[in-house]
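S.K.: Here the protein sequences come in this chain order: A and B. Taking the working numbering, the leading residue of the first sequence gets 1, the next gets one more, and so forth. Taking the working numbering, the leading residue of the second sequence gets 84, the next gets one more, and so forth.
Rather than coming from a laboratory, the hints here were simulated on the basis of the structure. Treat the hints with caution; some may be incorrect.
Unchecked claim - Restraint-style ranges between C-beta atoms, simulated for each label pair:
#, chain 1, residue 1, chain 2, residue 2, range
1, A, 8, B, 172, 24 to 34 Å
2, B, 488, A, 28, 47 to 57 Å
3, B, 561, A, 8, 47 to 57 Å
4, A, 54, B, 562, 32 to 42 Å
5, A, 58, B, 259, 11 to 21 Å
6, A, 54, B, 370, 51 to 61 Å
7, B, 321, A, 58, 31 to 41 Å
8, A, 40, B, 370, 14 to 24 Å
9, A, 38, B, 229, 52 to 62 Å
10, A, 49, B, 575, 48 to 58 Å
11, B, 321, A, 49, 28 to 38 Å
Stated by the list, open to error - Taking lysine to aspartate or glutamate pairs in the DMTMM-like style, the calculated list, with each CA pair at most 20 Å apart, reads:
#, chain 1, residue 1, chain 2, residue 2
12, B, 492, A, 78
13, B, 406, B, 323
14, B, 404, A, 34
15, B, 226, A, 78
16, B, 174, B, 493
17, A, 77, B, 493
18, A, 75, B, 486
19, A, 77, B, 569
20, A, 17, A, 6
21, B, 492, B, 409
22, A, 77, B, 409
23, B, 406, B, 577
24, B, 559, A, 78
25, B, 108, B, 290
26, A, 77, B, 603
27, B, 404, B, 567
28, B, 404, B, 290
29, A, 75, B, 567
30, B, 226, B, 130
31, B, 226, A, 6
32, A, 68, B, 223
33, B, 406, A, 6
34, B, 226, B, 569
35, B, 226, B, 486
36, A, 77, B, 567
37, A, 77, B, 577
38, A, 75, B, 290
39, B, 559, B, 486
40, B, 404, B, 323
Glycine residues also receive a C-beta, built at the ideal position from the N, C-alpha and C atoms.
One letter stands for each residue in the lines below.
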Amino acid sequence: MNEQTELNWLVRPTTIKLLWRVGFGMLALLVLADFIIHPHAAFGIDGSFGFYSWYGLLTCLAMIFFSKFLALFLKRKDTYYDD
Amino acid sequence: MTISAFPPGILLVLGGLVLPFVAPKVRATIVLVLPLIVLWSIWQIGDGVQLAVPFLDYELAVVKGDALSRLFATVFAIMAFAGGLYALNQKQVSELAAAFVYAGSAIGVAFAGDLITVFVFWEIMALGSTMVIWAARTPESYKASMRYLMIHLLGGILLMVGIVAHVADTGSVAFQAMTPHSFGTWLMLAGFLINAGAPPLTAWLPDAYPEASFSGTVFLSAFTTKTAVYVLIRGFPGAEILIYIGVYMIFYGIIYALLENDARRILSYSIINQVGFMITGIGIGGEMALNGAAAHAFTHIIYKGLLLMSAGSVLYMTGGKRKCTDLGGLFQSMPLTCVCGIIGALAISSFPLTSGFISKSMIAQAASDQQMFFLWMCLAAASAGVFLHAGIKFPWFVFFQKDSGLRPKDPPWNMKAAMIFFAFLCIALGVAPGPLYDILPFSTSYEPYTVPHVVNQLQLLLFAGLSFFLALPLMKRTLTISLDWDWFYRRLGEWLVRFLVRGIVEMRRDILATLSSLLESFIRTTFRSHGPDGIMARTNAVGPSVAVIVIMLTLFMLVFYIGV
Chain A
1 MNEQTELNWL
11 VRPTTIKLLW
21 RVGFGMLALL
31 VLADFIIHPH
41 AAFGIDGSFG
51 FYSWYGLLTC
61 LAMIFFSKFL
71 ALFLKRKDTY
81 YDD
Chain B
84 MTISAFPPGI
94 LLVLGGLVLP
104 FVAPKVRATI
114 VLVLPLIVLW
124 SIWQIGDGVQ
134 LAVPFLDYEL
144 AVVKGDALSR
154 LFATVFAIMA
164 FAGGLYALNQ
174 KQVSELAAAF
184 VYAGSAIGVA
194 FAGDLITVFV
204 FWEIMALGST
214 MVIWAARTPE
224 SYKASMRYLM
234 IHLLGGILLM
244 VGIVAHVADT
254 GSVAFQAMTP
264 HSFGTWLMLA
274 GFLINAGAPP
284 LTAWLPDAYP
294 EASFSGTVFL
304 SAFTTKTAVY
314 VLIRGFPGAE
324 ILIYIGVYMI
334 FYGIIYALLE
344 NDARRILSYS
354 IINQVGFMIT
364 GIGIGGEMAL
374 NGAAAHAFTH
384 IIYKGLLLMS
394 AGSVLYMTGG
404 KRKCTDLGGL
414 FQSMPLTCVC
424 GIIGALAISS
434 FPLTSGFISK
444 SMIAQAASDQ
454 QMFFLWMCLA
464 AASAGVFLHA
474 GIKFPWFVFF
484 QKDSGLRPKD
494 PPWNMKAAMI
504 FFAFLCIALG
514 VAPGPLYDIL
524 PFSTSYEPYT
534 VPHVVNQLQL
544 LLFAGLSFFL
554 ALPLMKRTLT
564 ISLDWDWFYR
574 RLGEWLVRFL
584 VRGIVEMRRD
594 ILATLSSLLE
604 SFIRTTFRSH
614 GPDGIMARTN
624 AVGPSVAVIV
634 IMLTLFMLVF
644 YIGV
């Protein structure tokens, strides 16, 4: 195991904080990019402001929650099929 | 017969069959050179029937070329080459031999111009792939391979009965576009779909593939499902039912992969998810969608091969670890495996500048062109979901997450070379899609790189990424599996058989008990009359006997006298 002092630069708390900031910065810039681009919307809603951003976020959260809901019924120990 | 007419698939099959009998040096040469010769010969095959063989009353078109055939055969040959390179240090020679037979028969299906040839190669594929799983030589892989074989033999039977019924209906063995409208065509469609991993028989894939060896799973991921995609593109383009089946597969793959702990099972569920995109494209029909399905199969084989090579390297270098709960932090000691895994993950997620971006977007474009609003919304959500379940989840839990304390090194040179080759292809196809677009079944002027398309795709994917990290506590891995359709034949089936067996045992016991009590009462009755104390066993004195005989004689004489 690595000692605290030899932590790889990528997993140091300062780097992780920096990564979160850069990440949120990129997300903000991407949302704002909707002011500049002019998509040829096929359905209307796909051309509305921020559509791909909120749709990606919400559908993914929905899929995660739905999978956790299904897990209530379908989850078993991974030795379930072992005889 | 010229060399160009010799079936390239059979060449690869024959090569696989000689592998176990040659010296290791020669074997390595065959493994690396033969797929390239096959690739060359694939491109010598022109359009139309190149090799016809009479069989019974029919003329079999064993080799029939067109753009679609060459496209699939090309990627199968590339996969055989890269997989062979990756598996050079695999000690089980039988695995490589089986893998080449498997790959060769997949190429055979791609060039089959008639249904009988399709069926023959289809069955060789089932045997070859079973042997690949078997080569892992573990009790688990043996059991999984038998379950796998059962499902594929069932699929083979459906296909055969379907072909026979179809030939009886139409009198033709030609393999061409059909619609599911008759008994024969429905059965053929079902047989094809079983190999695609369609519901309800989805579970064979995540059940069997991860049980193969580190290199075996790489081969398995490429051929069976994509051959099914090929035959569906050729046989059932635009069959509407495929849209529903495809959408089910897309979301099934995401949901089950989200719950899964085993890294190679995550990637197996993700195969079903990706094949779902292709099946949906086939169901939409039309040039754009079919091109998209074909292009996506091509790019998918490469990036899924890359992802499984990355997972296989971890498995190989850690001595068999493949559960997320055991892994983590490997980026420090396996930098190349990690980077290649991430490139594969970006490609499967359709990030701009990767191969997935230029193929999958054609399917969504087709849905949009045909004003299928609901389907388009599903595909957009699913694209985000792919990044969630494969694009982030796989690299995160294997290479980052927590520090597992494991410090395995990057794998041997051949495995690294194979990963670098595929990582290069993932990016090259993404940066310059032209060469791939040129060999698609229909000519296309599709332009994936427009500013809105790139920006919108990045928005969708990065916000999907945000949701992963927001919900990270929910994603914590546990030592669990999720029940699937295979529960019905692995548990319910077992219980039914036990119940029936117990019924039969009880019935047998009852019958025996009844018989023996009948026999006993018969013996008892007989004993009463014929036993030592029975009336028939009594000993009588001479006097009374003589008296009885005298009386009998007297009676006889009287009767005789009266009678006369």
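S.K.: Now, for every hint given, state plainly whether the structure supports it.
M.R.: Results of checking the hints against the structure:
no.: 1; hint: A:8 - B:172: 24 to 34 Å; in the structure: holds, 29 Å
no.: 2; hint: B:488 - A:28: 47 to 57 Å; in the structure: violated, 37 Å
no.: 3; hint: B:561 - A:8: 47 to 57 Å; in the structure: violated, 27 Å
no.: 4; hint: A:54 - B:562: 32 to 42 Å; in the structure: holds, 35 Å
no.: 5; hint: A:58 - B:259: 11 to 21 Å; in the structure: violated, 44 Å
no.: 6; hint: A:54 - B:370: 51 to 61 Å; in the structure: violated, 33 Å
no.: 7; hint: B:321 - A:58: 31 to 41 Å; in the structure: holds, 32 Å
no.: 8; hint: A:40 - B:370: 14 to 24 Å; in the structure: holds, 20 Å
no.: 9; hint: A:38 - B:229: 52 to 62 Å; in the structure: holds, 58 Å
no.: 10; hint: A:49 - B:575: 48 to 58 Å; in the structure: holds, 51 Å
no.: 11; hint: B:321 - A:49: 28 to 38 Å; in the structure: holds, 36 Å
no.: 12; hint: B:492 - A:78; in the structure: violated, 28 Å
no.: 13; hint: B:406 - B:323; in the structure: violated, 38 Å
no.: 14; hint: B:404 - A:34; in the structure: violated, 44 Å
no.: 15; hint: B:226 - A:78; in the structure: holds, 16 Å
no.: 16; hint: B:174 - B:493; in the structure: holds, 19 Å
no.: 17; hint: A:77 - B:493; in the structure: violated, 32 Å
no.: 18; hint: A:75 - B:486; in the structure: violated, 26 Å
no.: 19; hint: A:77 - B:569; in the structure: holds, 16 Å
no.: 20; hint: A:17 - A:6; in the structure: holds, 18 Å
no.: 21; hint: B:492 - B:409; in the structure: holds, 16 Å
no.: 22; hint: A:77 - B:409; in the structure: holds, 16 Å
no.: 23; hint: B:406 - B:577; in the structure: violated, 28 Å
no.: 24; hint: B:559 - A:78; in the structure: holds, 15 Å
no.: 25; hint: B:108 - B:290; in the structure: violated, 35 Å
no.: 26; hint: A:77 - B:603; in the structure: violated, 54 Å
no.: 27; hint: B:404 - B:567; in the structure: violated, 23 Å
no.: 28; hint: B:404 - B:290; in the structure: holds, 17 Å
no.: 29; hint: A:75 - B:567; in the structure: holds, 10 Å
no.: 30; hint: B:226 - B:130; in the structure: violated, 43 Å
no.: 31; hint: B:226 - A:6; in the structure: violated, 45 Å
no.: 32; hint: A:68 - B:223; in the structure: violated, 28 Å
no.: 33; hint: B:406 - A:6; in the structure: violated, 26 Å
no.: 34; hint: B:226 - B:569; in the structure: holds, 13 Å
no.: 35; hint: B:226 - B:486; in the structure: violated, 34 Å
no.: 36; hint: A:77 - B:567; in the structure: holds, 13 Å
no.: 37; hint: A:77 - B:577; in the structure: holds, 19 Å
no.: 38; hint: A:75 - B:290; in the structure: holds, 16 Å
no.: 39; hint: B:559 - B:486; in the structure: holds, 14 Å
no.: 40; hint: B:404 - B:323; in the structure: violated, 42 Å
The structure fails hints 2, 3, 5, 6, 12, 13, 14, 17, 18, 23, 25, 26, 27, 30, 31, 32, 33, 35, 40 (numbered hints given earlier, in ascending order).
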